[in-house]
Amino acid sequence: MIAHYGYKDGSGDFFISIDTDKCTQCSDKPCLEACPEKIIELFTDDYDDEVVGIKASERNKIKYTCLTCKSTFGAGHAACIEACLLEAIEHSW
Amino acid sequence: MITAGVDVGNMFTKALLQEGGRVLSYAILASGLDRKRAARETFRQALIKAGVTEDDVCNVFSTGAGQDEVDFAAGTVTDITAAARGTLKIFPMARIVADVGAEGAKVLKTDDDGRVLGFTINEKCAAGTGSFLETMGRALGVQLEELGPLSLEAERAVTINAQCAVFAESEVVSLIHAKVPREVIARSIHEAMAGRVSSMVRRVGLQKKLALIGGVARNKGFAAALEKDLDAKLLIDDEKPEFLCALGAALLAAERDAGQLP
Amino acid sequence: MTEKNEFWRWEESRWKNPDLDWENAEVITLGVDVGSVSSQAVILCDGELFAYSNMRTGYDSSESALNAASWALEGTGLTLDDIHFKVGTGYGRVNVTFADRNITEIACHARGGNLMYGPTVRTILDMGGQDCKVIRCDERGKVVSFLMNDKCAAGTGRGIEVFTDLLGVPIGEVGQRSLRVEMEPEPVSSTCVVFAKSEAIGLLHAGWSTEKVLAAYCLATANRVVSLLERVGMVKDFAITGGIAKNVGVVSRIEKILGVSALEPKYDTQIAGAMGAALFAKALAEKKAKTG
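Chains as they are written, first to last, in this note's numbering: chain A, -18 to 74; chain G, 35 to 296; chain X, 2 to 293.
Treat the hints as calculated values from the structure; they're not laboratory data. There could be a bad hint or two in this list.
Label-pair distances were calculated between CB atoms; the ranges are [as the list claims (entries may be wrong)]: (1) G:L151 / A:F24: 40 to 46 Å; (2) A:C7 / X:G203: 26 to 32 Å; (3) X:T98 / A:E31: 53 to 59 Å; (4) X:R57 / G:D147: 34 to 40 Å; (5) X:T98 / A:S52: 41 to 47 Å.
C-beta atoms are modelled at their ideal positions from N, C-alpha and C, and glycine is treated no differently.
Can you build the whole structure from these sequences, using the hints too?
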């Protein structure tokens, strides 16, 4: 499934989309280590698949939490996006 | 040469008169629904306070959300430029200016010559603006002016999870219901609000020489929470923190009149 | 506050299927959805709707979960002990202390929507009290894609509540009254509910009628959720669940913007999550029975 984590508020749309069907084909989950803020976590979803997602406590803050990382990698890029070889992760901003 | 700055905000209109860098008078009124009238009336009150007439004023510049409503102004300046100019007049050492008003907040960064290097604005979301504190105060049954002092009585705070003012209001009601002391809730409210503003400061680039201006700068509880969050001592003009944009506009009006600006 | 001033107050409800006898059922399951504003309990007998309750969430989520379950059970002769499997869902799902398992409201809404609207439903828009969810699902009610916005009150039931309070219009009348305008006004321009409220006060002062302000806010709410729908992508058939699904002013405007009609609900639109939880409970009960 495509999980959209994040939010829309007056200042814009901030979503990290993860194609969790690809997570099930990935054994290393390099995104977990790559994220400098450690906001990605491994969990078992409702259909008993082992996938990654954004920690619940972080979902509504990603505009600020991801700021430093995104400014290093440039617009539309981030450590998690680069780390995922299956191209399962996208940012909306 | 006397010049004036009129800052028409979403909630309040401020007017200030200056002469040669010296502040002569200032006045503030609610902007209300007729901003043209509010601008004219606020200016008139500032004139009375200074004991001068309109003819004594060489130039008027307007700024703020309703800057175009000031029909007697000779020019306009953006609120970013005005905030930087006015704040640096009072605090020449400031490099970051956080302006927190009733319905908006902005943070800007300047270089050593007072030029604005970058800024971030929030005028779309009540969280991180004076409206947030007002909404929370209402939920807590505390007047806005008492909210800050009350928060300073608390030794601890709890985390307010909601980022939205409307949701945070429900959270405050739950905290009241859970019998969390009122001063603790008040402090928690200010810390939540400071978190929002400090995120904006970090976005622009944190520097220790930071000035807080705007109406919310009068709130000692908020200032304390922001200082704690940023681990920096804030520069605050206790006398007239909400007039620094009007001061900036008045100073720029003088420079324009003196031919220093194109 | 007196009762008559609580314009936000919506009607709590319960229902029992007169044609079903639980004593003939092999598998009896319970789903409890504890939301931030409302809580529901659904009891299924062999996957068929037997009874449900829908009530306001109190300050204590665990108490609310129990209250919702008790109200659904009341007068049926059933007790919690008779239930074979219980699933908790919703924002307060960890507080459904008597549940055998917790499942996210996203998965439950997809599953419940599949039963409530039929297997052709592909997009479910759930407009809750404090959040808005867009869920795309397959013909079996499995989630294909989802988005949840719970950061901001715009586009949620709380936003509508703020307006009922401001305008003194009971929440059940908001939709109908918002349609009583000759011409559709421009939507309220502020996204933020706090600022939208100040804007509305200005519009009232400028002579706008209550109906016109309601129309402007319902339209703003519709625009807001449509932008979330667009991020996930809207595929027919389309259904709306949650409390705002009962607001014809918002629903008709969403339909108009999308150019698509939402499926007619067969049950209370607020019970979709609890329904899905009870369906998951059925599957889990059967799995448990198989494995011993």
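Hint check results:
| no. | hint | verdict |
| --- | --- | --- |
| 1 | G:L151 / A:F24: 40 to 46 Å | holds (42 Å) |
| 2 | A:C7 / X:G203: 26 to 32 Å | violated (53 Å) |
| 3 | X:T98 / A:E31: 53 to 59 Å | violated (27 Å) |
| 4 | X:R57 / G:D147: 34 to 40 Å | violated (59 Å) |
| 5 | X:T98 / A:S52: 41 to 47 Å | holds (45 Å) |
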